[in-house]
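Q: What follows is each chain in one-letter form.
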Amino acid sequence: MANKTYNADLSRRHFFSKAVAAAGLAVAPGVFLRQVHARPSDQAATSEQRWGILIDTNKCAKGCDSCVTACMSENGWGDINNSEEKSNAHQKAQWIRKVTVKDKQTGHVQSLPLMCQHCENPPCVDVCPTGASMKRADGIVLVDKHICIGCRYCMMACPYKARSFVHEDLENQKVVAPRGKGTVESCTMCVHRVDKDGTPACVEACNADNHNAMYFGDLKDPNSEISRQLKEHGGEQLRADLGLNTGVRYQGL
Amino acid sequence: MAGLLALPFTVQAGDAPVPEVPKAKEKATQEYGCVAPTDYMRKNHMSDLMHQRDDTLREGIRTSRFSLAECINCHVTPDEDGKFARFGEDEHFCSSCHNYAAVSVDCFSCHRDTPEQTDYQHTFNTGNNPHHGKIALKGNKLSVETLQVLTEGEQQ
Amino acid sequence: MKNVQFMEIEGRSFGYLALLGILGAIILVALGAWYVMEHNGHYVTGMNNAIVWGTPHIFAIFLIVAASGALNVASISSVFNKTAYKPLARLSGLLAIALLAGGLMILVLDLGRPDRLIVAMTYYNFKSIFAWNIILYNGFFAIVAVYLWMMMQQSMNKYSKPVGVAAFLWRLILTTGTGSIFGFLVARQGYDAAIMAPLFIAMSFSFGLAIFLLVLMAAYKWTGRPLGDAIFRRLKNLLGVFVAGVLYFVLAYHLTNLYATEHHGIEAFILRDGGIYTQLFWIGQIVIGSLLPLLLFYHPSTAKNRTLVGLGALLVIIGGLIQLYVLIIGGQAYPLEIFPGKEVIESSFFDGQVAHYAPSLWEVLLGLGGVAVALIMVALAVKILRFMPTSLADEDVDPHHSA
Numbered sequence: 001m002a003n004k005t006y007n008a009d010l011s012r013r014h015f016f017s018k019a020v021a022a023a024g025l026a027v028a029p030g031v032f033l034r035q036v037h038a039r040p041s042d043q044a045a046t047s048e049q050r051w052g053i054l055i056d057t058n059k060c061a062k063g064c065d066s067c068v069t070a071c072m073s074e075n076g077w078g079d080i081n082n083s084e085e086k087s088n089a090h091q092k093a094q095w096i097r098k099v100t101v102k103d104k105q106t107g108h109v110q111s112l113p114l115m116c117q118h119c120e121n122p123p124c125v126d127v128c129p130t131g132a133s134m135k136r137a138d139g140i141v142l143v144d145k146h147i148c149i150g151c152r153y154c155m156m157a158c159p160y161k162a163r164s165f166v167h168e169d170l171e172n173q174k175v176v177a178p179r180g181k182g183t184v185e186s187c188t189m190c191v192h193r194v195d196k197d198g199t200p201a202c203v204e205a206c207n208a209d210n211h212n213a214m215y216f217g218d219l220k221d222p223n224s225e226i227s228r229q230l231k232e233h234g235g236e237q238l239r240a241d242l243g244l245n246t247g248v249r250y251q252g253l
Numbered sequence: 001m002a003g004l005l006a007l008p009f010t011v012q013a014g015d016a017p018v019p020e021v022p023k024a025k026e027k028a029t030q031e032y033g034c035v036a037p038t039d040y041m042r043k044n045h046m047s048d049l050m051h052q053r054d055d056t057l058r059e060g061i062r063t064s065r066f067s068l069a070e071c072i073n074c075h076v077t078p079d080e081d082g083k084f085a086r087f088g089e090d091e092h093f094c095s096s097c098h099n100y101a102a103v104s105v106d107c108f109s110c111h112r113d114t115p116e117q118t119d120y121q122h123t124f125n126t127g128n129n130p131h132h133g134k135i136a137l138k139g140n141k142l143s144v145e146t147l148q149v150l151t152e153g154e155q156q
Numbered sequence: 001m002k003n004v005q006f007m008e009i010e011g012r013s014f015g016y017l018a019l020l021g022i023l024g025a026i027i028l029v030a031l032g033a034w035y036v037m038e039h040n041g042h043y044v045t046g047m048n049n050a051i052v053w054g055t056p057h058i059f060a061i062f063l064i065v066a067a068s069g070a071l072n073v074a075s076i077s078s079v080f081n082k083t084a085y086k087p088l089a090r091l092s093g094l095l096a097i098a099l100l101a102g103g104l105m106i107l108v109l110d111l112g113r114p115d116r117l118i119v120a121m122t123y124y125n126f127k128s129i130f131a132w133n134i135i136l137y138n139g140f141f142a143i144v145a146v147y148l149w150m151m152m153q154q155s156m157n158k159y160s161k162p163v164g165v166a167a168f169l170w171r172l173i174l175t176t177g178t179g180s181i182f183g184f185l186v187a188r189q190g191y192d193a194a195i196m197a198p199l200f201i202a203m204s205f206s207f208g209l210a211i212f213l214l215v216l217m218a219a220y221k222w223t224g225r226p227l228g229d230a231i232f233r234r235l236k237n238l239l240g241v242f243v244a245g246v247l248y249f250v251l252a253y254h255l256t257n258l259y260a261t262e263h264h265g266i267e268a269f270i271l272r273d274g275g276i277y278t279q280l281f282w283i284g285q286i287v288i289g290s291l292l293p294l295l296l297f298y299h300p301s302t303a304k305n306r307t308l309v310g311l312g313a314l315l316v317i318i319g320g321l322i323q324l325y326v327l328i329i330g331g332q333a334y335p336l337e338i339f340p341g342k343e344v345i346e347s348s349f350f351d352g353q354v355a356h357y358a359p360s361l362w363e364v365l366l367g368l369g370g371v372a373v374a375l376i377m378v379a380l381a382v383k384i385l386r387f388m389p390t391s392l393a394d395e396d397v398d399p400h401h402s403a
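Protein chains in written order, with our numbering: chain A, 1 to 253; chain B, 1 to 156; chain C, 1 to 403.
Note that these hints are calculated values from the structure, not bench results.
The hints are all genuine.
Covered, in the sense of this in silico footprint (three residues per stretch, anywhere, with C-beta under 8 Å from a C-beta of chain B), are these stretches of chain A: (1) 39 to 51; (2) 131 to 139; (3) 177 to 184.
These stretches of chain C come out as covered by chain A in the derived footprint (C-beta under 8 Å, 3 or more residues): (4) 106 to 113; (5) 123 to 130; (6) 184 to 190; (7) 337 to 347; (8) 351 to 358.
Note that beta-carbon positions come from the ideal geometry of N, C-alpha and C, so glycine has one too.
All chains should be built: construct the whole structure from the sequences, respecting the hints.
A: Shown next, in the form of structure tokens:
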């Protein structure tokens, strides 16, 4: 193959790819349009952003579990994927769950999704002996399953029971969510989506169903929708007394 | 180590059975070329993957060149019936060598060993995927000269 | 005082070989149980996402805590200069190493990824008390090995004391670290308490000495070597003090918790409403593990009866295992307080509910395997090297003994 031909192919490709990219941007779902400048894939996450989720429990319906189902579809856990068929109900992983609580004094009943709270001072990160439990620069708390030894100490330490242990061999994992026997896992805030300017599956599903009870965005950007919501209507942490400064906040609790 | 690894491939019609390494996707190799020369890949893929896994998971760097998912997409191809070999079977790309060399591989206890048919999204904005050869091959650090060598040299 | 003579045991009798055989068989069965757990995954065990540490951890932590306490006898002789304990120091060091080895074996084999042990030993998060413990446990092996060397080689005897002091301090830090594994957990109502560290120190004294006493009695009975009353009485009385010490810390822990309204939930659970955990606490930990042994050790009608005192030591051990069961599993079974002031009426992840746990056979076998490893190490070591004095009869050891 001649040198010239290859170069010509390259420049032709340049033109077409730019055109396609422009067209793609125009027709891509709104989530792509919101932030035009993506973080290039060869750049690391930085602390200039801190990702957070805000949940309005007043809008969260008791019987609805769109967020849970969306997370299962995205990440490959749960009964809709027939994941972990040998484990019993207490052993199967749950990355997010719906909880219904009743105030003991007032009798007021509320519903809310509960997942990893992506704390700023995560106890799970503190206790992990190998450093597998980690907090990324942009605030997302993850398990580095490459070095997780499966000691489950982080599961002891988490105040929200956010973490699960995989009790059996798995196969047909989703590409975006590797998971395996003997390691610990939890909600990743759909980091694979966030890194490509997407929204976590739970938030996307909640909004797609028009419940609009969940917001996702950059807590450090005062103009992001989540920051404005927090400023106007507030947002509480679960177990605020622990001083963990969670990235997930709740309204109406 | 590399010498030992290369040995089976240099012995001709010899005593030791040579592993049959499945061919990568035809379309990919012809149009876009390979990630790196075969010798380089054989010698270095483990350290590149080890490096990449930390980049991706801990830093959020999601370049495609040494992405495990991209390796799978290209190298794990379906047979005539459209079925994929699974890791552990000799027909799977990774196992074909790793079974032969008896070197265990930990990746697939967690990672998917076949391309994901329906859900894998190729997004537009990532500029560094050699398989979508576009504006920035600069992210790959593949110079034109290297490409020349690749496309004109031998490919497995 | 005569010079104490140390001699290997003969180790040729049928009884000795049978002992090795039985312990070896238990170890093989335990390894088989481990294979089942590792190959299939933890779904075969009783552990789950709520009770993440189960029976293997009970045994492991018991052995690790006891290991540090078993060194006490040697420390008393080297650090506190009580010459009466000197003949026992070598066996004490040996037992410490053996118990720790058994405990660590269980812990490592229970890991979700035991193949990544190298990772655990090379990647350290120094904020994690668990990571510190890994360093402390390995250092313990090294220090006690050196300590034994100082004691067993005549020319190095002069260094016994400084190394002994180092070993003593090391093990205090180690046990503080072990207790802090729980004490540092802010999330759980039953843990998050500074008293965990001194409680574990007290437990180590008690469990370690109970095991030491039983091993000593068995070793001397089965080899026909004399074990005098002087030593026996000293150890018995010391053990009684330690058992009382543990009881004190348990009391302080619960009384403090009972004072704080915030902790009424966990206290009610352990002390009254927890079903099996409540029964184990009162009957197992308090009566069997503390009160009965104290009675047996100090009551005039039983104090001089070796069999009954030995039984008391055994009850301390059983009570100790039960205490750890209540602490570790009971502490996990009690639900997390995620929504103070609210009750959970529905959750797919069993929030707000007392968690289920039933020990599986595999876990128990693995735990027993660790115990067997510790015992077989002692049994083999006393045959290979000179750990045991030929006589611990009163006239041979007690400097103040009048014939």
